[in-house]
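Put chain B on the given structure of chain A with help from the hints.
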Amino acid sequence: MSPIGDGFAAVVAILAACALPTQVWRWIGVAVGQRIDADSEVLHWVRAVATAIIAAFVAKVLVFPTASLAETSIWLRFAATAFAVLVYIVTGRTVVAGVIAGVVALLAGQLIFT
Amino acid sequence: MHSGDEDAQPLSGLWFAKGLRASLCFSVLILALVFVAFGAFARDLGFPLWQVVLIGLSTWAMPSMVIFVATVGQGGTLAAAAIGVALSAVRLLPMTIALVPHLNTEKARRIWFYVASHFIAITAYVEAILRLPKIPPERRLSFFLGLGLGLILLASGGGVIGYVAGGAVPKPLAAGLLMLMPLFFLLSMTAAATSISDRAALVTGFALGPIAHLVEPQLDLLWAGLIGGSVGFAVHRLRCRRERA
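Residue numbers (numbering that gives the first Met the number 0), protein chains in the order written: chain A, 0 to 113; chain B, 0 to 244.
Hints are computed from structural coordinates only; laboratory data are not their basis. Predicted model, so just to flag it, every value in this text is computed and none were measured. Hints may be right or wrong, so weigh each one.
Below 25 Å or equal to it, Euclidean Cα-Cα: the simulated SDA-like pairs (lysine to any residue) are [what the hints assert, rightly or not]:
1. B:K133 with A:I88
2. B:K17 with A:A78
3. B:K133 with B:S194
4. B:K106 with A:R34
5. B:K133 with B:L153
6. B:K170 with A:S72
7. B:K133 with A:R92
8. B:K106 with A:Q33
9. B:K106 with B:L148
10. B:K170 with A:A78
Facing chain A, a subset of chain B residues (Cβ under 8 Å, in silico) [what the hints assert, rightly or not]:
11. S57
12. R90
13. P132
Glycine included, every Cβ here is placed at the ideal spot set by N, Cα and C.
Pulled out of the complex, with its shape left as it was, chain A reads as follows (with noise of 0.2 Å):
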């Protein structure tokens, strides 16, 4: 049995609780973005926002994880992070390489650790 039901109210639920809440911000970003300028310098203030904010959450999940990666080490963790940014460098950033490379060494250390 599902927590929120079945049928015509489980629907009323997700899109009422979930959807609606999240769309909200959308749509008031695109009113608010349609009367912005490309290049004008608040612009530049807001991009630096979006950016900071991905950064934070970045950090955020590598301090305080979920799931099973709560069960790795903090310092695994930052070690295969700054392995896949090394990585990153030394390919000529690319993105790709980063990612496949600090993953493994995330997986390499529970081999070896545990």
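This is chain B only, laid out in the frame that chain A set:
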């Protein structure tokens, strides 16, 4: 500035198709794997498959989806879930405001910008920031609509697989899956941060994320973003002033 729909042009089918094709990229693979994990998680909490798919398609923001499913799945009220979702989704506001002026170069009917905003989440934002400069300005909205639709459909497919396969992923591998997303965001944002303000914001936001979480766990990302972004902007202003002097 967009005053109305009177000068609106039809969307470009060709660039929409190019956007669709561009969604077949490394980031959609990561996203699909994250959706695999979500599908398995929601199944464990008792949600049927159609509800998992509806949550993914209608919301399309992983933190909102996890908060909703975890809150009501563990006996919380719908109101509590809605508040948690709304607080975590504030981060989409600066992302949308930052992206829309880059799409606004295509003169399309206004409704299409609201449709496009549905696809805005961290992955689509990062992909758009990296790819849009290479797309003709008057075709960027068509391209982004294709890109977003492709991402959402492919990732939702991952959710279905995760649901059906549920719990078949061994634990050490699951930790690797969860590590994919932060690493991908970190490196692609580093690649996308070409201005001095973005670079300074990236470093400051990274340092502030965990601290903000300890101080204010509900609005942590927003606070870290506002402070980190303002520091980045201040660095940019200082440099502008020094260059003029």
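Unsatisfied constraints (hint numbers, rising): 2 and 13
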